[in-house]
Structure formats: C-alpha cells, structure tokens
Amino acid sequence: DTEVTQTPKHLVMGMTNKKSLKCEQHMGHRAMYWYKQKAKKPPELMFVYSYEKLSINESVPSRFSPECPNSSLLNLHLHALQPEDSALYLCASSQTRGTGGAETQYFGPGTRLLVL
Amino acid sequence: QKEVEQNSGPLSVPEGAIASLNCTYSDRGSQSFFWYRQYSGKSPELIMFIYSNGDKEDGRFTAQLNKASQYVSLLIRDSQPSDSATYLCAAGDTGRRALTFGSGTRLQVQP
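Order-wise, the sequence lines are chains B and U.
Reading the first sequence from the start, the letters are residues 231 to 346 in the working numbering.
Reading the second sequence from the start, the letters are residues 582 to 692 in the working numbering.
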C-alpha cells in the first residue's frame, strides 16, 4: 500500500483566516514533504521532515507553518495568506536510508487551496 | 543551481506508437532518478525510478539512464490515449532528501 491521504480536498479561505492542511501515511515512512504546485508548473518543495524533525525549509514565508506531531502525520498551518498562495498543496512521503539522499516519494492527492 | 531540463511539448504520438520522453540534469552527483505521471488537476503518480546506468523495464515503460551524458529517458510502448498526461522527470538532490523536478513534458496520444 503506497497511500498518502490529504484533507481537505478543497479549501477556500480569506486572507485573515487560519486554516490547516492535514497529511497522513501508514507506510512506516520517516520522511514527509510539503510541496506547492501552481498550474502548468512542477511541484515546488516547501518543507521536509525527517524522523519528525524539520530538515529542510526552502525559505518559505512564515505564514506557512509546518508541524509533524508523529511519524504518520504532517500538518501545514496557514495564516494570513495572500491570493498568490492559491495553488495545489501536495504532501509526499518516503522511506529513509542512513546515507541520506533521495528516496522514492509517494504523493497524496493534494489540497486545492483558493485564497480570496 | 541544480537543474533538470525537459522539453515542455506537447509531444503528440498516434495510438500504438512509442513515445520517447527525455530529460537532462545538471548535478553530476545525482544518484537517483524518477518519472512521475500527472493528469490535469491530479497529483503526481510514480511511474518508475532508476538508479543504475542502462535500461529498466516495467510493462510498457522503459527508463534509460546514461550518467556520463547526464541523460534520462522514458519510453512508453504501445501508447494509449490514457497515457496522455504531463510526465515529470526528477533527480535526487545530492546530500539531502529532496528531488529536483523538471518542468514536465505534456504527452498527447491521438486515437
């Protein structure tokens, strides 16, 4: 089973709202990722968690706040977003090897976010 | 700046033909390479990964890697209209747990 689930599927929020995106996997993967994808563009890495610790933050604005409560769950807290933050937000997970480096990433279905 | 380059397409092939998708990468240290298929409005779906020079076959799909030329390709045999999608090539980022994605090639299979 290579399933990564994400909720909600769609989200509309105003610029003053606070909302959260949730991602879950039960494959025993210890690396989890958040990506942002705009139309006709490739996924753009935002954050990487490895063994529940934040290992990569790609200079993402602080209005996006990731959280990894346990090895199966990944959240992305959203606050004071801008209309240009409207995009498909993808979660992914992968196994980890002690040597580091890139493993096969499995993507969830994504949350389509619209900021008004 | 680590880069993965793909022709954006569209690449148009008739049903039953072989579709050939190509990708070059700049980081000579990359060890792992991935092909994802993405239908419009959906998330990327893993097609294949390849780590070693040469060919790797899985059903109708063959991935080819040439590290000396820094070149990865994906061949789709007996192309079907359902293969019409954007194909993303990704290279493993040396030393950290991340992928560098190409901009994708849009494939259109004509019935």
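There may be inaccurate statements among the hints.
[Unchecked claim] Ranges of calculated distance between the beta carbons of each label pair, as one might list FRET restraints: (1) B:E233 x U:G676: 44 to 54 Å; (2) B:P339 x U:G640: 22 to 32 Å; (3) B:M245 x U:G635: 49 to 59 Å.
These are calculated hints, taken from the structure and not from any lab test.
Being a predicted model, the structure only gives us computed values, none of them experimental.
All residues carry an ideal CB built from backbone N, CA and C; glycine is no exception.
For each hint, the structure was consulted:
no. : hint                        : in the structure
1   : B:E233 x U:G676: 44 to 54 Å : 29 Å, violated
2   : B:P339 x U:G640: 22 to 32 Å : 23 Å, holds
3   : B:M245 x U:G635: 49 to 59 Å : 52 Å, holds
Going through the hint list in order, the structure does not satisfy hint 1, though it satisfies all others.
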